[in-house]
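*Asks:* If you're matching them up, the sequences are chains A and B in order.
With this note's numbering applied, the first sequence corresponds to residues 1 to 333, in that order.
With this note's numbering applied, the second sequence corresponds to residues 1 to 276, in that order.
The hints are simulated quantities; they were obtained by calculation from the structure and are not laboratory data.
Heads up, the beta-carbon is just placed ideally off N, CA and C, and yes, glycines get one too.
Certain hints may be false.
Quick list of simulated restraints, FRET-style, between CB atoms [stated by the list, open to error]: (1) K106/B to P333/A: 48 to 58 Å; (2) D66/A to A212/B: 53 to 63 Å; (3) G57/A to M194/B: 50 to 60 Å; (4) D28/A to I89/B: 41 to 51 Å.
Residues per chain are reported as follows:
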Amino acid sequence: MGAISLQQVNKAFGETVVIPSIDLEVTDGEFVVFVGPSGCGKSTLLRLIAGLEDVSGGTIKIDGSDATLTPPSKRGLSMVFQSYALYPHMSVRRNIAFPLKMAGLDKDEAMRRVDAAAASLNLTDYLDRRPGQLSGGQRQRVAIGRAIVREPTAFLFDEPLSNLDAALRVNMRLEISELHQQLKTTMIYVTHDQVEAMTLADKIVVLNAGRIEQVGSPLELYREPANLFVAGFIGSPRMNFVSAAAAESHGAHTVGIRPEHLDLSTTAGEWQGKVGVAEHLGSDTFLHVHLDGGGTITARADGEFPVSHGSAIWLTPQADKFHRFDADGNRLP
Amino acid sequence: MARAVSTRRKATFTVAAWAIALAIFFPILWTFLTSFKTEGDAIASPPMFVFFDWNLSAYEAVNQRTNYLKHFWNSVVISFGSTILGLVIAVPAAWAMAFVPAKQTKNVLMWMLSTKMLPPVGVVIPIFLIFRNTGLLDTRTGLVIVLMLINLPIIVWMLFTYFREIPGEILEAARMDGADLRSELLYVLTPMAMPGIASTLLLNVILAWNEAFWTLNLTAAKAAPLTAFIASFSSPEGLFFAKLSAASTMAIAPILVLGWFSQKQLVRGLTFGAVK
């Protein structure tokens, strides 16, 4: 079981309010990702759930019982840190076994579990090494091993992939996803990377300035962002926004159109402009187009699209893909 | 970094460095040499440097007059006892100041250090009276307590500096792994700070070993450590340089040996965290 419920949870450091008030339900077995820009309070929220920070107000329930004042060691949660936070003076084996030692588990049973965890994470050959002798990816796997051996109620991940290089990050992302399929344990994952959020989550919680902007499945957020912030944050490259006359014709204060929902042509179309920067990735082409009417728009074409700086180009937005927002930035139906 | 330094300049600096080192070391060397002289040779004028009748008469006299081993053992108990007791108190204190600082933590640290600025002689009467009334005068327990209190600010400061180098996330990881405060200190913080704790221990053992003001004022015979043993040879009957030197050599030898063997640990501990 691993249901977590936050009721009017708030946090202030002295005079500074980091989280005004948050209500959130995480159901058992769910993979929830907290995403948002730096300083939005996502890590603080995770640390409140972990018990590493005390709430200023509100209630945290784990499996239905009030855990607001329970110390972190008694909450039954495991955490994987961005810096790995391994114990440098212990071997990999003793690192992974540490939570079991703290739980007072029988030594043979502990070793059996450590060996099983090490085997599933490809760490068997490294059990007698110290963390200092491992690569970044291996260290992160040790941190994950340490988290899984104690069979926690839920896993908490605090930007676990930020210190890894790009290729390794993709691999570890897949491993974490597989781990979730395998264990079916609740996971709460903090990241500022919306690709990680989109690929891992059952449910994404978009945070901004300590408030929840929207909660939903990755595709719900992509298709129906609740406001300008979510629309701009989810999706890469980010959504184009147009205000003024063009928006009013759609009966909105601002309209948004994603780069992939613009049809491109070198001969004719609705909006005319010139290519500023063309990024040819092979699989996609991203174009930054300066419109003749003013403003810059990003467009995405599938595969290769043979234009370069200064080429004339026409863009035609797909009519049913417009997102309309009112003056307060909220989505219009 | 390579720098061009002329040979002459190098030679000048080398000679100057040796001269200064020798000047600092000379009193110890002189004490050591004098300890092998007769009392007559010890006060000869002009002084005899190496060409004298080397003998162990001063050591024999010292050993006949006093019980060196008793003083030595008192010194060991007092210096290690006060330091270990100090560490037991200082580890949690430094943990709290390094990892859960409060608004006043800095002020508390400064206040602790400021107690070292008070001249000990200023509090000798109240402490003497407290010791007399509680029966702690001339006891090893009393000296362990007083030397622990004297050195506690330094122990806390040193540990605080080492602990601050340890990433807080590792302690948080221990908490998430189910460690209570005791386990966190015992299994994670202390082993990680071991180089720092070891050098704190060594330095404070040396400070306590050499402490003379309190050990002389609060002891008479039973608990007297080596400092009192040396002092007993500068007696009112006159100065016996050879015997005094022999006693001094015997008193400082153990701590010099300890310092010599732990040099590496001391330097490593004192520069801990300077280079990551």
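*Asks:* Hint by hint, note whether the structure agrees.
*Replies:* Hints, one by one, checked against the model:
Roughly 57 Å separates the CB atoms of K106/B and P333/A, a value that falls within the hinted 48 to 58 Å. Roughly 60 Å separates the CB atoms of D66/A and A212/B, a value that falls within the hinted 53 to 63 Å. The hinted window of 50 to 60 Å between G57/A and M194/B is violated, with their beta carbons roughly 41 Å apart. One distance hint, 41 to 51 Å for the beta-carbon pair D28/A and I89/B, holds here, with the actual separation near 46 Å.
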